[in-house]
Amino acid sequence: MTILASYNFDWSVVTDRWRLFVAGAWIDLWVAIIGFSLACAIGLANALLRTSGLPFLSIPSFLYVQLMRGVPLYVLLLWVYFGVANIMGIAFTNFQAIVIALALTGSGYTTEIFRAGLGAIERGQMEAARSIGLSRVRTYGHVILPQALRIVVPPLGNTFVGLLKGATIMAVIAVHDMVFLANELNVTLFTPFEVFTAVAVLLVVMVLFFSAVVYVLERRLRIA
Amino acid sequence: MSQIYLYSYDWSVVPRSFEFLARGLGVTMRLTVLSVLFSLVLGLIVALVRMVPGPLGLIGFLYVQVFRALSLYVYILFIYFGIAAAFQINFDPITAGVISLTLLNSAYMAEIYRSAIEAVDPGQREAARSLGLGSIATFATVTFPQAWRVALPSLVNQFTDIIKDSSIVAVIGTPDLMYQTIERVSFYQRPFEFYTTVAGIYLVMVLIVAQLAWRLEKRLRRHLA
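Going line by line, the protein sequences match chains A and B. With the first letter of the first sequence counted as 1, position 48 gets the number 48 in this note's numbering; the numbers rise by one all the way through. With the first letter of the second sequence counted as 1, position 215 gets the number 215 in this note's numbering; the numbers rise by one all the way through.
The shape of chain B in the complex, shown without the other chains:
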């Protein structure tokens, strides 16, 4: 019980792995940015479908409820192994990762868009319509620009979740930051040094994006002050 366990740290393995980690970071960033862009677009489409009355709206509602309820790990296994085998589609790991991240986050983003669109005063839409604008022109030039200002900080916050969740794509061998880290851990047998470092890298990325969201929020609310 009183045995003292001595561990000698060796942080030099981290700079020695710089090249691998940098390459992994590049993949993580590409994966995240692609997923953010796709889920921004898909999320808006889902939000609009969800707001249509009738069966179409119900489909949008179900999309949001079901696609939000799955974890990224389950998505990745289901798409990369399940869908791939059953429908004979061979996804490469990055594609499977982007699809998974997009399906999950588009459902979250759809809800952000919807609440922002609903927050726009209905009088705005009525005024635009009575001026003779069509419903598409009204949405594109009146409703959406106002909703966008409300939604943007929350959308950027969603970005932080995508960064964090993207680490899970390593389980199917996507050479992202996490995968490269796990590889280096098994090479050097230095789990503490590497996992601490990689935690720090993710933390910095998340804090930068969160800071961006905070600044945007302040900027976009300037006119309300």
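Just chain A, with the same shape it has in the complex:
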């Protein structure tokens, strides 16, 4: 039996460095935003392939979704950062690696969201637009996508929140985000409770803020 000294709470470790914590949280947010934007672009392109009706396009797209949704983000991150870098002889920076990993995982989800959104648009819309002489591309740009957008925004918002949570894993490859800062402070000052509470609070605040935004958007965009 070892007798442990009682833990002295010292919140000044956090309050003296609040700027560093906020800067770290900003990095998590920023990485999530970039990863999410890429995931949306890949997801939309992939959903168009998926709904193309051409098997040689839609089957790879289907397999891609299964693959990206089935592999843990942590595995994907180390695969990109160490594995791919090793075989290709390119060294991604750790920042690039987490953005790529988030974009890949996220695109698995966004593809399905865009697919459902495009699928929800009535066939008649396409037929009507085509019959008044709009080209396929214009039909998508002016008729289908604007309507699909209303449907996809709330679930995309939820995906963003998921990616923001996932982004915190970037500390394992030493991107200097808020979790990395907390790990450093824990090692040097031994104040695990204070620093990890600070990180948890920051993450909860960010996630609840964006969840609230999604909730408001969902109510606004609902087609009456």
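Please note: incorrect hints may appear among the correct ones.
[Said to hold, decoys possible] Only part of the chain A face toward chain B is listed, based on derived beta-carbon distances under 10 Å:
no., residue
1, 9
2, 84
3, 191
[Claimed, not checked] Quick list of simulated restraints, FRET-style, between CB atoms:
no., chain 1, residue 1, chain 2, residue 2, range
4, B, 183, A, 91, 14 to 24 Å
5, B, 183, A, 174, 18 to 28 Å
6, B, 18, A, 53, 36 to 46 Å
For the record, the hints were derived by calculation from the structure and aren't laboratory data. We put the beta carbon where it would ideally sit given N, CA and C, even for glycine.
Chain B: place on chain A using the hints.
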């Protein structure tokens, strides 16, 4: 720029590490199954608390909102280092992993249960009550069995998230599949071969469970067709 980079693959390191990976897979499965069972139970309790009107319901609501908002990585660091130091509790890595996975997923599951329970026609409950069943008997024999059918496929889908998230417990040295893989990577210096393999293993586990959810859904909806 035009330099050609040649990489010679060596997949033989994977079968040579079979024993380690199998042991890790065992830990991953134990971790996942325990977390699934605990979060199924805790999730139901939270859902019931959340549906009570008044301050108790508010606590359930806050539990769901806050516990869903954290990532597993932050949970693990907070519990394994933060709580352990502040309250002098020494968790072993597996316990810390199961607690983290349970807290996160019970919040998700509570929402699945709640929407399933709310989906049961209120007439069912009223009929049972008017037959003289107590509120507990009504819930246990009438409402819950019907809600369970609705909730089960989504609950099983949550299982896939637990499998994937469980990989993160490797950061505190839990000897799971991911941890064993990272160890083998540093031993053989073959990140691509190992991480590709382990991605495949997780993928297979997730697909099996997802397939199970899909079959359950079809089976449970048979009577509606």
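Worksheet entry | Contradicted hints - numbers only | none
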